[in-house]
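**Student:** Please build the complete structure, drawing on both the sequences and the hints.
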Amino acid sequence: MTHSLVPDPADASAAPFFPMDRAPGCPFDPPPPLREAAKHHPVSRVRIWDGSTPWIITGNAEQKALLSDPRVSVNDRLPGFPHWHAGMAAISVHRPDSVFNTDPPVHTRFRRMMTAPFTFKRVNGMRAVVQQMTDDLIDQMLAGPKPADLVEALALPLPTLMISHILGVPYEDRDFFKENAAAGMKRDATGEDAMAGYRREAEYLTGLVRRRAAEPEDDVISDLAKRVNDGEISASEASSMGQGLLIAGHETSANMIALGTLALLEHPDQLAILQAADDPKVVANAVEELLRYLTIIHGGQRRIATADIEIAGQTIRAGEGIIIELASADRDPRTFPDPDVLDLHRPALDHHAFGYGLHQCIGQQLARVELQVVFGTLYRRIPTLRLATTIEEVQFKSDGLSYGVYSLPVTW
Amino acid sequence: MEVVIDQEKCIAAGQCVAAAPEVFDQRDEDGVVVLLKDSPDPADKAGVRNAARACPAQAIEVHG
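For the protein sequence lines, the chains are A and B, in the order given.
Going by numbering that gives the first Met the number 0, the first residue of the first sequence is number 0, and it counts up by one from there.
Going by numbering that gives the first Met the number 0, the first residue of the second sequence is number 0, and it counts up by one from there.
No wet-lab data here; the hints were simulated from the structure.
Careful, some of the hints might be misleading.
Here are the simulated DSS-like cross-link-like pairs (lysine-lysine), alpha carbons at most 25 Å apart as the crow flies [as the list claims (entries may be wrong)]:
#	chain 1	residue 1	chain 2	residue 2
1	B	K44	A	K280
2	B	K8	A	K120
3	A	K120	B	K36
4	A	K63	A	K38
5	B	K8	B	K44
6	B	K44	A	K63
7	A	K120	A	K225
8	B	K8	B	K36
9	B	K44	A	K120
10	A	K120	A	K280
11	A	K63	B	K8
Not the full set, but computed from the structure, chain B residues with beta-carbon under 10 Å of chain A [said to hold, decoys possible]:
#	residue
12	E7
13	K8
14	I10
15	A12
16	C15
17	D24
18	G30
19	V31
We put the beta carbon where it would ideally sit given N, CA and C, even for glycine.
**Tutor:** This is the structure in structure tokens:
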């Protein structure tokens with residue numbers, strides 16, 4: 000049964016349930032009802048888990064407008080906020096203030112405590128390190144059994160190594176974070192699951208902040224520990240920042256590496272472009288197009304209106320929930336001609352894979368370096384890389400915040 | 000051509016540096032944008048326009 004959108008997109012009584020499934024056989028495309036919405040009704044309504052009917056924004060230009068609008072808030076403590084699921088609703092009242100749940104001027108102060116390590120120049124200065132790690136991981140994979148799981152061999156370890164290194168979290172503790180991150184991100188996470196996982200991570204990071212306060216090293220956690228010592232932030236705020244960076248910093252890039260590889264293996268003409276690419280600009284553009292085509296953050300970014308907003312012929316009232324559905328905007332035909340075509344040469348910089356506005360991904364330049372290195376290296380080092388299964392057998396992470404695959408069996 | 004930046008709005012995304020590294024940089028302590036030239040050369044024009052368009056905080060204005 001398909002859910003089609005009704006003629007009046009603002010009609011709450013007939014709003015389709017969100018999130019909805021992707022079409023069978025179309026694992027890279029957003030669900031059909033959202034495609035329809037992006038074409039005809041860039042501002043419409045959906046029904047979510049708690050019965051509420053927030054607005055959903057599927058148009059690229061409309062998302063840019065709302066994500067730049069000071070009347071749109073991330074404060075998830077406000078009544079009527081459209082939480083992802085019961086788990087997030089339960090956590091929200093317990094989380095300290097951070098970039099995730101505050102607006103300017105509080106947001107500005109927090110954000111600027113985290114951005115120094117992630118500047119364009121700092122992360123591009125790490126490019127040689129990323130290249131070395133990538134080559135080492137590929138060497139190990141090639142020396143091991145076939146088929147190999149690309150997720151375990153390369154997609155997950157590379158970004159985990161990099162973010163752990165930058166933050167100062169010991170690499171040997173990475174499994175702990177992987178388990179906890181996965182538990183809290185499932186679509187059907189209960190309040191108890193999410194709270195338990197959140198508390199374990201928060202305790203670990205608070206402990207690490209304390210250790211680094213006593214014995215600082217040259218890393219982000221030590222910098223946050225110093226700010227706690229100076230009274231700029233509380234220990235729990237520091238822990239919350241560290242947690243956010245860690246979670247955001249590894250699963251997302253891992254998903255892009257694995258899912259991007261799958262998409263390229265399914266589009267051999269595009270794969271050939273990367274294999275032949277000597278010009279770093281070609282690789283960089285290919286990365287932007289893969290970011291656009293896949294837009295892995297698929298649960299809908301959540302906001303709430305703090306005043307009435309007129310947009311696309313609709314009026315969003317103060318107190319109403321807003322869901323920014325990023326992938327739909329990245330397939331908006333008004334912004335990207337033939338949006339469903341993977342075309343590594345097309346201009347793709349208007350994409351929202353990293354979001355848009357004040358909360359746009361802090362790690363985006365690091366993600367770009369990781370993806371440019373991996374996509375520029377893997378298919379040249381292993382030109383005969385192929386799936387050791389069929390795409391029908393591949394299991395997709397349909398139930399997490401960030402889309403990807405659980406494993407990717409490959410051979411060569 | 001004149002470029003005006005708003006450091007209050009900047010969120011340190013770094014896309015301006017990616018687009019026009021001769022014109023934009025990010026300060027060490029927090030990555031907020033700084034101008035290397037406020038009257039860029041004609042050769043920088045395309046990069047500067049791309050930077051203004053790419054800025055997620057709309058913190059860059061280009062005049063002329």
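**Student:** Of the hints given before, which are not true for this structure?
**Tutor:** none
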